[in-house]
Amino acid sequence: MLHDLFPPGIQHALDLAGIFVFATAGALLAVRKNFDVFGIAVLAEVTALGGGLFRDLVIGAVPPAAFGELSFFVTPLIAAAIVFFLHPEVQRINRAINVFDAAGLALFCVTGTTKAYEYGLGLTASAALGLATAVGGGVLRDVLVNEVPSLLRDREMYAVPATVGAAMVALSIAFDALNALTTAAAIVTTFVLRLLAMQFHWRAPLAWNRRSAVSEEP
Amino acid sequence: MLHDLFPPGIQHALDLAGIFVFATAGALLAVRKNFDVFGIAVLAEVTALGGGLFRDLVIGAVPPAAFGELSFFVTPLIAAAIVFFLHPEVQRINRAINVFDAAGLALFCVTGTTKAYEYGLGLTASAALGLATAVGGGVLRDVLVNEVPSLLRDREMYAVPATVGAAMVALSIAFDALNALTTAAAIVTTFVLRLLAMQFHWRAPLAWNRRSAVSEEP
Amino acid sequence: MLHDLFPPGIQHALDLAGIFVFATAGALLAVRKNFDVFGIAVLAEVTALGGGLFRDLVIGAVPPAAFGELSFFVTPLIAAAIVFFLHPEVQRINRAINVFDAAGLALFCVTGTTKAYEYGLGLTASAALGLATAVGGGVLRDVLVNEVPSLLRDREMYAVPATVGAAMVALSIAFDALNALTTAAAIVTTFVLRLLAMQFHWRAPLAWNRRSAVSEEP
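Residue numbers (the UniProt record's numbering), protein chains in the order written: chain A, 1 to 218; chain B, 1 to 218; chain C, 1 to 218.
Don't read these hints as lab results, they were simulated from the structure. Among these hints, one or two may not hold up.
Pairs involving identical chains hold if they fit within one copy or between any two copies, as the list cannot separate such chains.
[Unchecked claim] Lysine to aspartate or glutamate pairs mimicking EDC-like chemistry, simulated, CA-CA at most 20 angstroms apart: (1) Lys33 with Glu69; (2) Lys33 with Asp15; (3) Lys33 with Glu118; (4) Lys33 with Asp176; (5) Lys33 with Glu147; (6) Lys33 with Asp142; (7) Lys33 with Glu89.
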C-alpha cells in the first residue's frame, strides 16, 4: 500500500511533528491578536488540522483523521498550552519555527497527495488535494482572524514549493515509480525550495503588466 | 438508543426551540448590518444550522439534518420573517433572547456530543463536535459579516460552559451512566454556568503575562 | 434519469461554459485585489466550483464533481491564465461577462436542484441546494477577499432570480412535470429575471421600516 512507504511509526511521528509546528504558528498568531485561551486553542487546531480535514471531507474519509485519530486532535492542544505560557520564548525562535513549518509543508503536500490517490481520485485532483492539505489550514486560520489569506496575496513563495512536491508525487504515481526514494525526493525538494524562497525572497508574479504599486479599486 | 433519552416529541420540540432562538439572533445581526431580506434569511439559517451541519459532515450523517429535516430548515425562515417585520420589538427583548440563547447552547452541546458518539467517534472527538455543534453557527455567522468570531476574541465566557457540558456527557458515556438524569444535569449545568458568566461578566484568560491593553501588531 | 433531460454532451458543454464564466469573474476580482498568480488561480477555482462542491458534500456525492471531473478542475485554470495575461481586455467586456454570469447563475440553480433531488433530498432542500450551487462560489470568493458577501448586503437582485428558478424546478418535480421544456423554462426565466434586475436596478428590500441610511451599530 502506498501509505506503507515508511514504517508506520515513523510516518505517524512525522505527521505529529508537522501538526505540532503548524499548531504552534496558529497559536502564536492568536496571541498576537489578543485572543483568549479558547481562541488560542481553536486557532491551533484549525491551522494544524484544517487542510487535512478539507481533504478528508472531499475524498469521503469519514470520520476525518482530525477527529478519528486522538493524537492528531490532542497535539495542537499541547502546542496551544506551551504557547499560552511561553509565547515570548517561542516567538524568539521564530526563525527555527519557519524552518519546521517548511518541513511540515513538504510532508503534508506529499502525504495528502498520496492519501487522495488511495481514495480513488485522479492524479490532478490528488495533487490539488495534496496542496490543499498543506496550505488549507493556513487559509482557514487567516479567514478566522479576518485577514485576506497571506497565501493569496503576499506573493511569498509558499504555495509553489508545495505544488512542485505534490506534482512530483503525482508524476511518480503516473510512471508507477512511487516508492520511499521518490517520496523522499518530493519531500526534500519541497523543503529546500521553500527554504531558498525564504532566504532569497523569491516572489510569485502579479498579473501581467500589473504594477504592484497599483492600489485596490475603490 | 442514546437519542431516545427523552420522548422523541420533546426532543424535537427542544431542537426546534434552540434553532429558532439561534436564528433570531442571526437575523437581528443581519438587520443591524443593513442586510437585505435575502441576507437576513441566510444569516438566520447559517447561525441556527451551521454548527450541526459541520458536525454531520464530519461524522458522515448524509444528508445532514439541516437539509434532511424540513422543520429544521423552515424554522429559521420563520424567525427571519418575524425579525424582518418586528425587529424593533424583538431587539427590545434582547435580555430574554440571551437567556434562550444560553438554553440553546446547553441543548446543542449535549445533543451534538451524543449524536457524534452514536456515529462511532471517540469520546474526546464527540465532545469536540458537541462543542462545535453549539458554537459553530455563530462562528460562521461572524465570518460572513466579516468580523473576527466573537467566540475567539471577546473573552466572553461562551465556549467554556459548552465545553463543560460536552465533557459531562462524554464522561457519562465513559462510565456507562448516560441516562435522562445525567443528560439533564449536563444541560442544566451548561445553562446555569452561561447565565452566571453573563451576570458576573466572567472572562476567559488571555495568554500568560499578556496585558489586554497590548494592541495588535501592525 | 433526470440529468438526461438534455443530451450529455450539451449538458457538459453548458456546465463548462458556466464554470468558465464564473472563474473569469473570480480571476478578475483577484487581479483588482493585486493577488499573485497563485491567488488568481485559487479565486478562479473557488468562485467557479465552490457552490457545487458545497452541494456535493451535503448530498454525499463523493468525490465531488469539482475533483472527480478533470475538465471541471482545469477550466478555471484556463480562465485564470487568460485573465492573467489579458485582464485589461477582459475587463473591458465586463458587460458581456455580466450577461454570461446571469446565464451561469440560471444554469447552475437548475442543475443543482435536479442533482440534489436525484440524491434523495426533499423538494425544499433540493431547491435550497440549487440556490447554494448557483451563489455559493461567490460567497466563498467574497469571504476569501475579506469582504461581506455582496449577495447578503448589496440588495442587488442576484439571489431572487436563482430562487425563482430553483423553485420552478422543484414545483415541476412535485407535479411530475420535469422535462426538457420545464427545465428550459426555469433556466430562461432565471436568466431573463436577472437581466431585467440588472437593467432596471431592481433591489431587494431591507428590513421593514429600516432606512438604508441607518448606519451600522458601533
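Broken hints, by number: Numbers 1, 2, 3 and 4, in rising order.
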